[in-house]
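Just so you know, the protein sequences line up as chains H and Z, in that order.
Take the first sequence: its letters are residues 1 to 181, numbered as in the working numbering.
Take the second sequence: its letters are residues 1 to 213, numbered as in the working numbering.
Note that these hints are calculated values from the structure, not bench results.
Ideal Cβ placement from N, Cα and C applies to all residues, glycine included.
Hints are supplied without guarantee of correctness; some may be wrong.
Listed next, the in silico DSBU-like pairs over lysine-lysine satisfying Cα-Cα at most 35 Å (straight line) [stated by the list, open to error]: (1) Lys85/Z with Lys150/H; (2) Lys70/Z with Lys60/Z; (3) Lys190/Z with Lys150/H; (4) Lys94/Z with Lys70/Z; (5) Lys94/Z with Lys77/Z; (6) Lys60/Z with Lys77/Z; (7) Lys60/Z with Lys94/Z; (8) Lys189/Z with Lys150/H; (9) Lys70/Z with Lys150/H; (10) Lys85/Z with Lys70/Z; (11) Lys85/Z with Lys60/Z.
Simulated restraints, written as ranges between beta carbons of each label pair [as the list claims (entries may be wrong)]: (12) Lys150/H with Leu170/Z: 28 to 38 Å; (13) Glu147/H with Asp116/Z: 46 to 56 Å; (14) Glu67/Z with Trp142/H: 45 to 55 Å; (15) Asp12/Z with Pro121/H: 35 to 45 Å; (16) Lys150/H with Ser92/Z: 23 to 33 Å; (17) Leu183/Z with Ser156/H: 50 to 60 Å; (18) Lys77/Z with Trp142/H: 13 to 23 Å; (19) Gly15/Z with Ser156/H: 33 to 43 Å; (20) Glu148/H with Arg175/Z: 36 to 46 Å; (21) Arg76/Z with Gly157/H: 30 to 40 Å.
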Amino acid sequence: MGWPSDGFRFTLRSLERGSGSWSVVDKAVGENDWAAIRCQRGSTKAPLFFNSQRFLSTDNFQPFSTSFRTVKMSYHNTNSFNNTSSLNNTNSFNVTDSYNKVLNNYTVVDDRSQILTWLSPLEPRLRHRDIQESRIENVGEWVLETEEFKSWYASSGGSGSDNAVLFCYGGPGVGKTYIRY
Amino acid sequence: MLTSYDSSLVIDNLGDRARGQGVAVAGFYFDFAAQEEQSPASMLGAVLRQVVSGLEEVPKEIVEAYEDQKEVMGGRKPRLADIVKMLQNTVSVKRTFICIDALDECVARYRVDILDSLNQIQRVSPGTRMFMTGRPHIEAEVGRHLSGRGTALRIAPRRHDIISYLHRRLDRDIRPDAMDSNLRADILKKIPEDVSEMWVKSTTPEKLARVVH
């Protein structure tokens with residue numbers, strides 16, 4: 001796999017910030033197969049870290065899709081490149097002993113995303129996205145049309161007999177996972 | 001086979017309706033393969049995280065808790081009691097839907113704490129709606145912890161669901177020459193009548209053809 005060159009355009013499907021076409025504006029390749037690129041969409045700049053096997057998010061190093069053209073990643077730090085001194089200092093990319101150092105040099109995480117990550121390291125959105133992509137149209141939609149669902153949705157907890165919880169259960173033999181190909 | 005599937009559908013549907021309405025939707029999927037890391041604090045933390053990420057600003061209480069723990073050497077993860085308190089305060093300012101998939105895949109001792117915590121949250125903020133899926137034996141447990149505030153709905157794929165699934169499966173047959181329109185019609189007629197969904201899920205077009213002959 002080659003590294004993306006300047007001007008290389010790709011789609012970053014950010015789970016937090018929406019989709020969009022990003023372009024590579026800067027890059028640096030470290031030893032041991034590590035690299036970082038700076039990419040930009042509009043006025044938003046973002047660092048991405050990856051090795052030849054996978055993309056890594058900037059905040060918790062979850063592995064993501066290996067495809068260059070459709071990068072699935074959780075990405076929170078739009079302010080990360082405020083620290084412009086490190087930007088122009090390509091020496092920062094020469095760190096070879098661990099990616100933690102690369103991370104330290106390049107991730108100037110804004111408080112908001114640090115707080116969110118502190119609340120929980122789990123990323124249910126990733127699983128949601130996987131399942132969402134494998135869904136078949138029109139299957140299961142009847143659930144939304146049931147009286148149970150409708151009244152659960154419409155109720156607001158004001159009345160005495162409240163149905164705050166809708167518990168859907170599958171009978172024995174109903175697998176827990178969605179249909180996979 | 002369809003519960004995670006239904007959960008994601010419900011989450012998306014609620015998300016679509018919530019847009020611009022000042023409503024928060026948070027989803028969580030339990031997974032056997034991730035049982036240990038899906039602790040009550042991290043699970044409810046993930047719910048809180050989703051609600052907070054939809055807010056303009058992180059609530060002051062959360063920012064302060066975050067700043068406080070930094071004082072401790074090495075930092076400290078939020079405790080369950082802290083998360084519950086923060087969730088109670090956060091969902092009381094915003095109507096929130098919490099969707100939890102496959103409760104039975106949660107460690108039993110965690111599940112007790114999670115259901116209790118959800119109950120505490122629901123008591124403080126009665127407008128909070130919770131959608132949960134799981135195997136039938138969990139229903140009693142859910143009922144116990146969230147007493148009298150639940151409705152149960154059996155999820156079974158409808159004939160229509162199985163037919164849609166078969167269509168898709170047959171369209172993707174890797175050996176289309178072996179299939180003709182009669183056989184296809186037979187499959188679509190017969191399979192939904194008498195096979196279990198588990199079987200349908202694991203089958204191939206060849207096996208489908210064998211059943212109808």
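Against the structure, the hints:
Taken as a hint, the Lys85/Z and Lys150/H pair is honoured in the structure, with Cα atoms around 29 Å apart against an allowance of 35 Å. Of the pairs offered as hints, the one joining Lys70/Z and Lys60/Z holds, with about 16 Å between alpha carbons and a cut-off of 35 Å not exceeded. For the hint pairing Lys190/Z with Lys150/H, the CA-to-CA distance comes to about 33 Å; that is within 35 Å, so the pair holds. In summary, the hint linking Lys94/Z to Lys70/Z is supported, as the alpha carbons are separated by about 28 Å, within the 35 Å threshold.
For the hint linking Lys94/Z to Lys77/Z, the alpha-carbon distance of about 25 Å falls within 35 Å, and the restraint holds. The suggested pairing of Lys60/Z with Lys77/Z holds, with an alpha-carbon distance near 18 Å, which does not exceed 35 Å. The straight-line distance between the Cα atoms of Lys60/Z and Lys94/Z is roughly 16 Å, inside the 35 Å bound, and the hint therefore holds. Between Lys189/Z and Lys150/H the alpha-carbon distance is near 32 Å, which keeps this suggested pair within the 35 Å criterion.
Note on Lys70/Z and Lys150/H: the hinted pairing is violated, with a Cα-Cα distance of about 44 Å set against a maximum of 35 Å. At roughly 19 Å between alpha-carbon atoms, Lys85/Z and Lys70/Z fall within 35 Å of each other, so this suggested pair holds. For a cut-off of 35 Å, the pair hint linking Lys85/Z to Lys60/Z stands: about 13 Å separates their Cα positions. Restraint check, Lys150/H to Leu170/Z: a C-beta distance of roughly 33 Å satisfies the suggested window 28 to 38 Å.
For Glu147/H and Asp116/Z, the hinted distance range of 46 to 56 Å is not satisfied, since their beta carbons lie about 29 Å from each other. Separation of Glu67/Z from Trp142/H is about 48 Å and conforms to the stated range, judged on CB atoms against 45 to 55 Å. Range check, Asp12/Z to Pro121/H: about 24 Å between beta-carbon atoms, so the 35 to 45 Å window is missed. Against the hinted window of 23 to 33 Å, the Cβ-Cβ separation of Lys150/H and Ser92/Z comes to about 25 Å, which satisfies the hint.
The hint said 50 to 60 Å for the Cβ distance between Leu183/Z and Ser156/H, and at roughly 52 Å that hint holds. Judged by the Cβ atoms, the range 13 to 23 Å given for Lys77/Z and Trp142/H is violated: they are separated by roughly 41 Å. Between Gly15/Z and Ser156/H the beta carbons are some 19 Å apart, a value that contradicts the proposed interval 33 to 43 Å. Here the CB-CB span from Glu148/H to Arg175/Z is close to 42 Å, well matched to the stated 36 to 46 Å.
Restraint check, Arg76/Z to Gly157/H: a C-beta distance of roughly 34 Å satisfies the suggested window 30 to 40 Å.
When the structure is compared with the earlier hints, violations turn up for hints 9, 13, 15, 18, 19 and for no others.
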